[in-house]
Amino acid sequence: MPTIAIVGAGSGLGRSIAKAFGSNGYSVALLSRTETKLAALAAELNEAGIEAAGFAADVLEPASIAAAFGRITKRFGAVDVLEYSPAPHAPVPGLDNPSPLEATRANIQPQIDYYLYGGIAATEQVLPAMIERGSGTILYSTGGTSKDPLAGPAEFATTSIGSGALRSYALKLHQATADTGVYVAHVPIFAWIGSGGPETQPETIARHYWAAHTAREGAELPYVAL
Numbered sequence: 180m181p182t183i184a185i186v187g188a189g190s191g192l193g194r195s196i197a198k199a200f201g202s203n204g205y206s207v208a209l210l211s212r213t214e215t216k217l218a219a220l221a222a223e224l225n226e227a228g229i230e231a232a233g234f235a236a237d238v239l240e241p242a243s244i245a246a247a248f249g250r251i252t253k254r255f256g257a258v259d260v261l262e263y264s265p266a267p268h269a270p271v272p273g274l275d276n277p278s279p280l281e282a283t284r285a286n287i288q289p290q291i292d293y294y295l296y297g298g299i300a301a302t303e304q305v306l307p308a309m310i311e312r313g314s315g316t317i318l319y320s321t322g323g324t325s326k327d328p329l330a331g332p333a334e335f336a337t338t339s340i341g342s343g344a345l346r347s348y349a350l351k352l353h354q355a356t357a358d359t360g361v362y363v364a365h366v367p368i369f370a371w372i373g374s375g376g377p378e379t380q381p382e383t384i385a386r387h388y389w390a391a392h393t394a395r396e397g398a399e400l401p402y403v404a405l
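Taking the working numbering, the leading residue of the sequence shown gets 180, the next gets one more, and so forth.
Note that these hints are calculated values from the structure, not bench results.
Don't take each hint at face value.
[As the list claims (entries may be wrong)] Here are the simulated SDA-like pairs of lysine to any residue, each with C-alpha atoms no more than 20 Å apart in a straight line:
{"id": "1", "residue 1": "351", "residue 2": "381"}
{"id": "2", "residue 1": "253", "residue 2": "306"}
{"id": "3", "residue 1": "216", "residue 2": "226"}
{"id": "4", "residue 1": "326", "residue 2": "249"}
{"id": "5", "residue 1": "351", "residue 2": "306"}
[As the list claims (entries may be wrong)] The following label-pair restraints were derived from C-beta to C-beta distances:
{"id": "6", "residue 1": "223", "residue 2": "180", "range": "26 to 36 Å"}
{"id": "7", "residue 1": "394", "residue 2": "282", "range": "30 to 40 Å"}
{"id": "8", "residue 1": "281", "residue 2": "227", "range": "29 to 39 Å"}
{"id": "9", "residue 1": "332", "residue 2": "228", "range": "24 to 34 Å"}
{"id": "10", "residue 1": "256", "residue 2": "299", "range": "19 to 29 Å"}
{"id": "11", "residue 1": "284", "residue 2": "226", "range": "24 to 34 Å"}
{"id": "12", "residue 1": "280", "residue 2": "312", "range": "24 to 34 Å"}
Bear in mind the structure is a predicted one, so any value in this text is a computation, not a measurement.
Even glycine gets a Cβ: it sits at the ideal position worked out from N, Cα and C.
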């Protein structure tokens, strides 16, 4: 049975992506900082007939990411799909979002660590094996300001810098893996998920992840929720 690892799994988009892949025969490895929430989400998915388990990890601590993927491999075997979507819905210690006028090297660095370095840390755990076997998918999710910094208020400065760096990495990785059998893409989401009509609902957005995985076309998902 193939496996998807969702880094930043929560009760919104992460759960919907888990269901989209799980309903198509995938086991689901859920990763986030809070073990109790992971356990609850895994239980919900298992009750729905989807094999799932939670693995606590912090994207700001690369060693915890490596340890979590070690446990995933023991439980499920190789990871076939990696979905990386860190999206703090509660304060993260050390992660601030100052305005451009207040931005410094010191307060921007945690955003780089959270988005870019966390994404690289997760990628390091799966990409070598994917290239060796000639198959795999990696999808990176960020808010729309990663692609268009002017799409959000000025207060999102450091977030757009960190997520924009992850977007650049994703697009260049797509280019570098073009002939390896590994598909890499970036997913910019221009919406507050669940805040509007059907197109902003996590279930709708999650279907585009499955479509991207199966179609394997383009470096950036064209879907934009308005």
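Status of the hints after comparison with the structure:
Note on residue 351 and residue 381: the hinted pairing is violated, with a Cα-Cα distance of about 27 Å set against a maximum of 20 Å. Note on residue 253 and residue 306: the hinted pairing holds, with a Cα-Cα distance of about 17 Å set against a maximum of 20 Å. Between residue 216 and residue 226 the CA atoms are separated by roughly 15 Å; this keeps the pair inside 20 Å, and the hint holds. Distance check on the hinted pair: residue 326 and residue 249 sit about 32 Å apart at the alpha-carbon level, beyond 20 Å; violated.
Pair hint residue 351 plus residue 306 holds up; C-alpha atoms about 14 Å apart against a cutoff of 20 Å. Taken as a hint, the range 26 to 36 Å is violated for the pair residue 223 and residue 180, whose Cβ atoms sit roughly 19 Å apart. As the Cβ distance of residue 394 to residue 282 is approximately 38 Å, the hint placing it in 30 to 40 Å holds. Distance hint check for residue 281 and residue 227: the Cβ-Cβ separation is about 45 Å, which falls outside the suggested range of 29 to 39 Å.
The beta-carbon spacing between residue 332 and residue 228, approximately 42 Å, falls outside the hinted interval of 24 to 34 Å. The hinted window of 19 to 29 Å between residue 256 and residue 299 holds, with their beta carbons roughly 23 Å apart. Here the CB-CB span from residue 284 to residue 226 is close to 47 Å, at odds with the stated 24 to 34 Å. In this structure, residue 280 and residue 312 break the distance hint of 24 to 34 Å, their C-beta atoms being roughly 49 Å apart.
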